[in-house]
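Engineer: As they're listed, the protein sequences go chains A and R.
Numbering of the first sequence is given in the working numbering, commencing with residue 420 and proceeding in unit increments.
Numbering of the second sequence is given in the working numbering, commencing with residue -8 and proceeding in unit increments.
Derived from the structure by calculation, the hints contain no laboratory data.
Predicted model only: the values in this text are computed from it and were never measured.
Hints may be right or wrong, so weigh each one.
As the list claims (entries may be wrong) - Quick list of in silico lysine-lysine cross-link-like pairs, DSS-like style, CA-CA up to 27 Å:
(1) K328(R) <-> K824(A)
(2) K17(R) <-> K708(A)
(3) K772(A) <-> K83(R)
(4) K497(A) <-> K249(R)
(5) K848(A) <-> K318(R)
(6) K156(R) <-> K144(R)
(7) K86(R) <-> K785(A)
(8) K857(A) <-> K144(R)
(9) K494(A) <-> K86(R)
(10) K86(R) <-> K497(A)
(11) K73(R) <-> K785(A)
(12) K849(A) <-> K249(R)
(13) K494(A) <-> K389(R)
(14) K144(R) <-> K785(A)
(15) K848(A) <-> K17(R)
(16) K328(R) <-> K497(A)
(17) K849(A) <-> K248(R)
(18) K523(A) <-> K212(R)
(19) K318(R) <-> K332(R)
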Amino acid sequence: MGSFAQARLPENYYWEKLPNGLEVVIIENDKVPLATIEIAVKNGAFTEDSNYNGLSHLFEHMFFKANKDYPDQEKFQKRTQELGAILNGSTGDERVNYFFTFDKDSLNQGLEFLNSAIRFPIYRTEDMQKERPVVDGEFQRAESNPEYVLYFACSKKLWGSLYTRKNGIGIHEVINTATPEKMMVIKNKYYYPNNSILVICGDVKHENAFAQARKIFGSWERSGFDPITKYPIPEFSPLASTEYFVMESTLAQTPVEMFWWQGPDTRMDSAGTIAADVFFTILELNSSKWQQALLDKGLASSIDATYVTERYVGPINIEIEPNPGKLKECNDEMLNQIKQWGNDDYFTDEQLKNAKEIIHRNAIRKREKPSSQASILTKSWCSSSLDYMTDYEKNCDKITREDIKLFVNKYITGKPYIAGMIINPDMNKKLNASGIFKPAI
Amino acid sequence: MQTFIKKITGFMLLGASISPVVAQKKTAYDMMVNGVKVIVQPSGNEIVQILTVFKGGVQNYSADKAGIENLAITALTECGTKNDSKNSFKNKLEKISTEIEGTAGMDFSTLTLNCINTDLDQAWPLYEDALTIPVFDSSEFSRIKQVAITGLKSQASRPDFAISKFSKETAFKGKDYAKSPTGEEVTVSSLSATETKNYYTSILTRSRMLIVVVAELERDKIEKMVKELTASVPEGKKIELKRYNYIPAGNSFAEQKKAVATNYIQGITSGPQPGSTEYNAFSIAMDIFYDRQYLEVRVHNGLSYAPQVGFSGGLTPYTIFRVSTTKPDNYIQVINKLVDKTHAEGFSPEEVKNSKTGYVTKFYYRMETNAAQASSLAANEILFNDWHRSLRINEDFKKVNTEEVNKAFNNYVKDVNWVYQGDTSKVNPALYSAEPSKNKLPDNKISNGNKN
């Protein structure tokens, strides 16, 4: 055990920082005889300028291609089949993670396999040429979905010149011209033990799991620098003004609207991130003014208000499927409700209490699946901290009406936002959506 | 790739993680209560998952009433009960963070209760009311009908849903599986509250019901709860579920022009009936074929991000191949060649062995949640008349040999009903509807699958 500060963690969680800076967390849970291993790296859209936008994601795909021990994808795939592994990776705004689940007795082999892939990848031009259209195909699938098209348009406006820092799927041209050299640039900037966390969870014993982690990953050389300090992340500019826009798409069978604000983040306003979660849980209550005004009255068929906890400005989003026959009423009522969000009587004490109870019960549900615990933990590690994760419910309990008012007034009431609608051309013409969709006077 | 921003709120409570001691499973059992089979799997955790299943699915209604079962099941929780208005019902549920949710499927529909065990005594009466004394309030019904219609349009906007629907409508034309449980705009629009209520009354019989409980509850308590629940439910006529074997008459192709950013292709072919001797072998065959298609289509030829192979083993079993690609004609040549090659050379013993190893992982992976266990128990009971299969599938798969896997593949993967949505100028229909052997790629364009 190194001389590092111990993170606060739940029962049956064990933490250690190896001398090379790799944090290792073992989660003991013998519900089923499986082990899940996950490695997460502080990489993703937030590290990408317009020259590299989409390449953290391509890098993640290349992880599954070739390395010194499994020199082509067939051999890589065959090894996963021998292990009987369920595996995947994901690239988000602030995290790239790779995860494998297999029989508990295969832990050592699984860790060796992960080690080969994360530390010793091989990038060949021919492999990349084949993978580029695959990644681009993932992009095209997203572009075939009107909801994504609207999301992307809103995102560009919300984040302005730094939108690439929230656009993990990237830019077609950057993906289609990526080279092995660019992959090495990413590896040499971010893929170090001191920028990564390894989680082993399931039917394992922590002493044995730590020993294996030390033996296999202990020789991974640290960078000698903190990548996020050396390659600093620029700050997003606050949104200057509210903007409404309507997009037409023949694919959009029914209109969808999105409203976006820049919200708090865990660096600058950790309490605001917790208040946001509690407030949006209140809005999910059937008894809330929000649900009663919009869903109960039939103005919308679905409405989701969410905040995403991030280290570098988390977005606040409302996504709504309005009743096409009541577009104007829906839009007016929604803005009317938002205006009231900061009022003293917008929710009752009982609703605040119920929201906190829901957060507790949802936490019980989230703990149910052992193999998902690794990803829950690494998300917090990348976007907040392990302490944030451990103390989350306790801190939700502390949230008061004043905390919520502070959050609403600081980030939403009277603040600029982006509002977008996607609708098919015929419906737009018939309903005069472009004429209706605008801020209240 | 996390393209859409998703809420991550997975946090753990200090000092309250699942205890390994209580995680030890007790044995599952079944019992008959008022003529209804109740399957119970003790869970070893604090979550309660209860399903009430209504057998029949799309067999229960005609095509012009498609969507009626979905609307009826939705109304149970959205249109009030004799004891509570919709809002009163939902407000009581949210105080205990309990979810009661209906789902209409192809072979059966379910009303699910999910709560924390300390809340069960408050949640159960609400669940019982929803099932036995729903009121189908007409203004609430109008609201959920509008939501259902918007939902249909929203589904149709999603390319994966759209190609799947088009594919099933084409392959199963005139058969039960051509119906979509969520219905069509025209069929849902015509449904009234009274008609839907009468329909629900017709399927609310003990003969159609199955109850699955995955929770840490005493047997006596479950028995008492189900007795109360079923006391007023009529016996009803005995239900015989119809099974249909889908066999395409030949290769066929249908297309729809659509302005999507890529093109979507889906093929449907046959599959063995649940309970047949070939079922497990075919499941392994398709598991391996998934990997082979992935290797050929994505890795070697870079033709698609997510090439899919799936075996839907329901009352009308069928197999799908699905891709999105900018080069549709290249795809059909690669897949046809791969099918031919697999017919000719079969799968290797090593592939079969590895697939079985993977099933062990998948088996336990499913055991991680009460919800997945309950769904599996229900599906095995309805489709195989044998819920025990859910718990021994791991052992059953070990008995399958390579010869059986190859035979199953050869018997069921023959002709394919292909459909296409996208840029129709990019596709040559003749390549899809011809005999696969006439579309051969040069041998150097196809690899040896996983045998290297």
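Engineer: Taking the hints in turn, state whether each one holds.
Structural biologist: Here is what the structure says about each hint:
Of the supplied pair hints, the one linking K328(R) and K824(A) is violated, its CA atoms being roughly 64 Å apart against a limit of 27 Å. Restraint check for K17(R) and K708(A): not satisfied, since their Cα atoms lie roughly 45 Å apart, outside the 27 Å limit. Taking the CA atoms of K772(A) and K83(R), the gap is about 14 Å. The hint holds against a cut of 27 Å. Proximity of K497(A) to K249(R) is assessed by CA-CA distance (about 38 Å); at most 27 Å being required, the pair is judged violated.
This hinted pair does not check out: K848(A) and K318(R) have alpha carbons roughly 35 Å apart, beyond 27 Å. For the hint pairing K156(R) with K144(R), the CA-to-CA distance comes to about 13 Å; that is within 27 Å, so the pair holds. Proposed proximity of K86(R) and K785(A) is supported: the alpha carbons are some 19 Å apart, at most 27 Å. Distance hint between K857(A) and K144(R) is fulfilled; the C-alpha atoms sit about 24 Å from each other, no more than 27 Å.
Restraint check: the Cα-Cα separation between K494(A) and K86(R) comes to about 53 Å, which exceeds 27 Å; the hinted pair is violated. Between K86(R) and K497(A), the direct Cα distance comes to roughly 50 Å. Violation of the 27 Å bound is thereby established for this hinted pair. Taken as a hint, the K73(R) and K785(A) pair is broken in the structure, with Cα atoms around 34 Å apart against an allowance of 27 Å. Of the supplied pair hints, the one linking K849(A) and K249(R) holds, its CA atoms being roughly 22 Å apart against a limit of 27 Å.
At roughly 24 Å between alpha-carbon atoms, K494(A) and K389(R) fall within 27 Å of each other, so this suggested pair holds. Only pairs whose Cα atoms come within 27 Å are accepted, and K144(R) paired with K785(A) is rejected, the gap being roughly 31 Å. Pair hint K848(A) plus K17(R) does not hold up; C-alpha atoms about 62 Å apart against a cutoff of 27 Å. Pair hint K328(R) plus K497(A) holds up; C-alpha atoms about 21 Å apart against a cutoff of 27 Å.
A distance of roughly 24 Å separates the Cα atoms of K849(A) and K248(R); the hinted pair therefore holds under the 27 Å criterion. Distance hint between K523(A) and K212(R) is unfulfilled; the C-alpha atoms sit about 36 Å from each other, more than 27 Å. At roughly 21 Å between alpha-carbon atoms, K318(R) and K332(R) fall within 27 Å of each other, so this suggested pair holds.
The structure shown violates the earlier hints numbered 1, 2, 4, 5, 9, 10, 11, 14, 15 and 18.
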